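Listed in order, the protein sequences are those of chains A and B. For the first sequence, this note's numbering begins at -14 and goes up steadily by one. For the second sequence, this note's numbering begins at -14 and goes up steadily by one.
FYI, nobody ran anything at the bench for these hints, they're computed from the structure. Don't take each hint at face value.
No distinction is drawn between identical chains; accordingly, a pair holds when it is met within one copy or between any pair of copies.
Below 20 Å or equal to it, Euclidean Cα-Cα: the simulated SDA-like pairs (lysine to any residue) are [claimed, not checked]:
| hint | residue 1 | residue 2 |
| --- | --- | --- |
| 1 | K65 | K81 |
| 2 | K8 | S22 |
| 3 | K74 | S31 |
| 4 | K(-9) | L93 |
From a predicted model like this one, the values you see are computed outputs, not experimental measurements.
Protein chains: 2
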Amino acid sequence: MEEILKQTLLYDFYGELLTEHQKQVYEDVILNDYSLSEVAASLGISRQGVHDMVRRSSRLLEEYEAKLHLMERFVSLREKVGEIHKLAKEQAQDPKMAKIDEIASEILEEL
Amino acid sequence: MEEILKQTLLYDFYGELLTEHQKQVYEDVILNDYSLSEVAASLGISRQGVHDMVRRSSRLLEEYEAKLHLMERFVSLREKVGEIHKLAKEQAQDPKMAKIDEIASEILEEL
Chain A
-14 MEEILKQTLL YDFYGELLTE HQKQVYEDVI LNDYSLSEVA ASLGISRQGV HDMVRRSSRL
46 LEEYEAKLHL MERFVSLREK VGEIHKLAKE QAQDPKMAKI DEIASEILEE L
Chain B
-14 MEEILKQTLL YDFYGELLTE HQKQVYEDVI LNDYSLSEVA ASLGISRQGV HDMVRRSSRL
46 LEEYEAKLHL MERFVSLREK VGEIHKLAKE QAQDPKMAKI DEIASEILEE L
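Same shape as in the complex, but just chain A:
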């Protein structure tokens, strides 16, 4: 998985276990792609301080995943529901297939 996608998913799953401050810095640097210097200036801390904080948050998120594997479970799930969606879509003139397609699409939106 691409690194930025992985970091986004990890944050989506476990971000709420970080402190408010950690969340803010992680969002600015990783999700919103501000530079370390920009974030450092806006928070009045050093560039190195921002860097260390992001690294620590990343490590925490990875530790949660290493223990719980919920992101892994979810990614495998999404792939399978994607397969169902594809199969159902090809035959959506059948009312039951259309219903299955509708449910699969709902699931994919939620995931």
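Model the placement of chain B on the given structure of chain A, informed by the hints.
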């Protein structure tokens, strides 16, 4: 949701975030249904100590769910995949439906 089912699911999702000791006591009392007195005797601590420990672990698991809502997301997902499974099963003479049924069953086994 029934209390014991909820406790089992919460433990399935977040149990790895408890300490080894907390896990052991939680499993004995909640999942394996030993009495507080039995667990207390086997660990050489008071009945009240076991009770407090289980309560604290339950609260921790509930706090993780209150922050992350991952159990809630998975339960909703499982219901929807169950609907797909039901629809596909009714028409499993159609090869595409049979394939969808197979994938849905795989998902339900994983969840």
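(Q) Run through the hints listed earlier and report the numbers of any the structure violates, in increasing order. (A) 3
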